[in-house]
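Each protein sequence line maps, in turn, to chains A and B.
Residue numbers for the first sequence follow the working numbering, beginning at 1 and rising by one.
Residue numbers for the second sequence follow the working numbering, beginning at 1 and rising by one.
There could be a bad hint or two in this list.
Claimed, not checked - Residues from chain A that keep clear of chain B, each with C-beta distances beyond 10 Å, as calculated:
1) 82
2) 83
3) 87
4) 167
5) 208
6) 266
7) 273
8) 287
9) 291
10) 298
11) 299
12) 300
To be verified - The calculated lysine-lysine pairs, modelled on DSSO-like cross-linking and capped at a C-alpha distance of 30 Å, are:
13) A:153 to B:59
14) A:309 to B:64
15) B:267 to A:28
16) A:309 to B:162
17) B:84 to A:28
18) A:28 to B:221
19) B:69 to A:28
20) A:28 to B:144
21) A:309 to B:69
22) A:155 to B:221
Everything labelled a hint here was simulated from the structure, so no lab data went into it.
All C-beta atoms, glycine included, are put in the ideal place defined by N, C-alpha and C.
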Amino acid sequence: MCGIAGLIHRGKSSNVGEELQNMLQALKHRGPDSTGYALYANNDGKNFILRFKVGENVGEGSTSVNEDESVYDERKKIVDKKLLELGSNILKEEKLTPYSYRYEIKIDKDLMDFSKAIESIENVEILSIGKSLELIKDLGDATAVSERYGLNKVKGTHGIGHARMATESGVDIKSAHPFWGYPFADVSVVHNGQLTNYWNNRRVLENKGMRFMSECDSELIAVFLAEKMRNGATLEEGMRESLTGLDGVFTYFVATKDSLGMAKDTMAAKPLVLYESDDLVAMGSEEIAIRSILPQEIDTYDPFDGEVKVWQT
Amino acid sequence: MANLKTEQKKTKAQSMGMHTEVLTGKTQQKFFNPDEAENFFYWGTHDVDFNKRTDLDVKDMDCKEANKKIDELMGQGYGTIVIKNPQGKHSLGVGILNKLNLIFEGSLGYFGVGSIDGPIVRINGRVGWSCAENMMAGKVVIEKNAGSCFGAAIRGGDLICKGSVGARTGIDQKGGTIIVGGDAGAFTGFMMQRGRIVILGDVGINLGDSMYDGTIYVGGKIGSFGSDAVESPMTKSDMEWLKRKLKVAEIGESFNLNKITKVVAGKKLWNYDALEPTEKKGAI
Numbered sequence: 001m002c003g004i005a006g007l008i009h010r011g012k013s014s015n016v017g018e019e020l021q022n023m024l025q026a027l028k029h030r031g032p033d034s035t036g037y038a039l040y041a042n043n044d045g046k047n048f049i050l051r052f053k054v055g056e057n058v059g060e061g062s063t064s065v066n067e068d069e070s071v072y073d074e075r076k077k078i079v080d081k082k083l084l085e086l087g088s089n090i091l092k093e094e095k096l097t098p099y100s101y102r103y104e105i106k107i108d109k110d111l112m113d114f115s116k117a118i119e120s121i122e123n124v125e126i127l128s129i130g131k132s133l134e135l136i137k138d139l140g141d142a143t144a145v146s147e148r149y150g151l152n153k154v155k156g157t158h159g160i161g162h163a164r165m166a167t168e169s170g171v172d173i174k175s176a177h178p179f180w181g182y183p184f185a186d187v188s189v190v191h192n193g194q195l196t197n198y199w200n201n202r203r204v205l206e207n208k209g210m211r212f213m214s215e216c217d218s219e220l221i222a223v224f225l226a227e228k229m230r231n232g233a234t235l236e237e238g239m240r241e242s243l244t245g246l247d248g249v250f251t252y253f254v255a256t257k258d259s260l261g262m263a264k265d266t267m268a269a270k271p272l273v274l275y276e277s278d279d280l281v282a283m284g285s286e287e288i289a290i291r292s293i294l295p296q297e298i299d300t301y302d303p304f305d306g307e308v309k310v311w312q313t
Numbered sequence: 001m002a003n004l005k006t007e008q009k010k011t012k013a014q015s016m017g018m019h020t021e022v023l024t025g026k027t028q029q030k031f032f033n034p035d036e037a038e039n040f041f042y043w044g045t046h047d048v049d050f051n052k053r054t055d056l057d058v059k060d061m062d063c064k065e066a067n068k069k070i071d072e073l074m075g076q077g078y079g080t081i082v083i084k085n086p087q088g089k090h091s092l093g094v095g096i097l098n099k100l101n102l103i104f105e106g107s108l109g110y111f112g113v114g115s116i117d118g119p120i121v122r123i124n125g126r127v128g129w130s131c132a133e134n135m136m137a138g139k140v141v142i143e144k145n146a147g148s149c150f151g152a153a154i155r156g157g158d159l160i161c162k163g164s165v166g167a168r169t170g171i172d173q174k175g176g177t178i179i180v181g182g183d184a185g186a187f188t189g190f191m192m193q194r195g196r197i198v199i200l201g202d203v204g205i206n207l208g209d210s211m212y213d214g215t216i217y218v219g220g221k222i223g224s225f226g227s228d229a230v231e232s233p234m235t236k237s238d239m240e241w242l243k244r245k246l247k248v249a250e251i252g253e254s255f256n257l258n259k260i261t262k263v264v265a266g267k268k269l270w271n272y273d274a275l276e277p278t279e280k281k282g283a284i
């Protein structure tokens, strides 16, 4: 059991960081291990935002191997050197925790080549690349992660988030959601459910050059959709193909720079409650997530089995 | 009830800190004599007066506090309780075992009004998953939509949703009636054993999958039939029952009953022992 939440403001921006924090905190009981946010912020859109980690959070509850913090600094230096080699200027640099960074950079290379080069450094993982996507995930509940990264001040149009109860893989950042839709800028995915044809799909996709960073089954959705889009499918077409291409039970959200989508498996085994109005769409695993930002009486509904929906900002 | 004692010799599990209670005595050993009036006492019930009415704002309460407060109000004889600001909270109004007019001004989360036996409930909003699970008797009317597993394992009473419902409506239903004014999702009537389900709109795939018995009426399109669910001709008594029931349910009174498809169990699955193995295989 995990909790997922998402919202999209149509035609305006809002305090999406705070809103998503409230929604995910309301779902804490569904997933206390880690929390992740994919926020689409009001950045100027000129440069890429690169979020990456050079190690794991080894705090309470973590299943990661303890490392001396000095190795994080060494890895960061190697990343900086690699960026220079790739011709990417670092315009702004922020150290958010001992193990995670946010860079504003220029990237002239193909994003897949760029990502492969950066991730060739041992224990370095790109969390996201995009011009508006700010992907943050860490151990702890929604409030703890938001406070650690200062997310409740982030303004933007939309976002998706995840409160994780680890079942298929470890309690660590690499297995936490959201997953970046590598190698596409500004694509992210969160998932509630279990995928039963993970390894079959993973072998096929890896043979096609796609990359997996964890052994979390949910990562497959991001890679599956990315591969479809790489071959020319639209986001919605990719999502519709996922209903038959992915086996198991799932409700997932996917977000891009200007859209938010949801898909539900053909057995409707995983919950989702949806609120839709002209200027806001909000959805979550339970209605209390929506009520945390819309306490007034509203009309909500459960999307049906096999349903796919996409909304634009 | 078994006695729960805390001052007993520790078991191995307790010495490891796994739990601290000891179950002693026999359970389920109370025998009832119907001639003795006191044996008709139904634990957890209250005598209430429908004309005694009160409001309860649960905005700042969790579900446990809210349910306890409802119980206290019933204990004071209130027979009509209006719940304000339920705000999608889970498990509200569960385990009410007596007559009561219970009105929710807003929406409920998961497991709303579960295991009830007798109250008349009106929800002026939406309900989440597993509304009225294991309901024994009474009537529940939901003005808007409902989530999945609507009326799971109900044994009696009328459960009515004026909007649409999610997947697995009436799963494991053992009696009573579920009526839906809108559409229903996949696996409606999954493994149902008795009772009736009426869906006036469309239903998803695998309708009545592995149903043992009972009847499903569908007014719209059917995504697909599940294993061993078969169409059956509508009878005059079906029509009369539907007409009466839809009227009582305040829903679809003017619905054209000629559009209804009746679905029942083909009774060829493994649980029907008289069948030959080849017949069982054919049913799947």
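- Could you let me know if the closest chain B CB is still more than 10 Å away from the CB of residue 300 of chain A? 5 Å, violated
- Would the least Cβ to Cβ distance between residue 82 of chain A and chain B come out above 10 Å? Given that every Cβ of chain B is farther than 10 Å from that of residue 82 of chain A, nearest at about 48 Å, it holds.
- Would residue 83 of chain A pass as off the interface with chain B, using Cβ distances and a cut of 10 Å? Per Cβ check, residue 83 of chain A is outside 10 Å of chain B; nearest 46 Å; holds.
- Looking at residue 287 of chain A again, its CB stays over 10 Å from all of chain B? 4 Å, violated
- Message: Please check whether the beta-carbon of residue 299 of chain A is more than 10 Å away from every beta-carbon in chain B.
- Response: 6 Å, violated
- Query: Does the alpha-carbon distance linking residue 309 of chain A and residue 64 of chain B stay inside the 30 Å limit?
  - Reply: 36 Å, violated
- May I ask you to check that residue 266 of chain A keeps its beta-carbon over 10 Å from the closest beta-carbon of chain B? Residue 266 of chain A not clear of chain B: closest Cβ-Cβ about 7 Å, inside 10 Å.
- Does the structure keep residue 309 of chain A and residue 69 of chain B at a Cα separation of 30 Å or less? It is violated: about 41 Å lies between the C-alpha atoms, which goes past 30 Å.
- Task: For the pair we were handed, residue 153 of chain A and residue 59 of chain B, check the Cα-Cα distance against 30 Å.
- Result: Holds, at about 27 Å.
- Reported absence of residue 208 of chain A from the contact zone with chain B (all CB gaps over 10 Å): Correct as stated: the minimum Cβ-Cβ distance to chain B is 31 Å, above 10 Å.
- Item | Given as non-interface: residue 167 of chain A, which should sit over 10 Å from chain B by C-beta | Consistent with the label, residue 167 of chain A stays out of reach of chain B, its closest Cβ about 20 Å off (over 10 Å).
- Task: Assess, step by step, whether the Cα of residue 84 of chain B is no farther than 30 Å from the Cα of residue 28 of chain A, and give holds or violated.
- Result: 25 Å, holds
Checked against the numbered hints given earlier, the structure breaks hints 6, 7, 8, 9, 10, 11, 12, 14, 15, 18, 21, 22 and satisfies all the rest.
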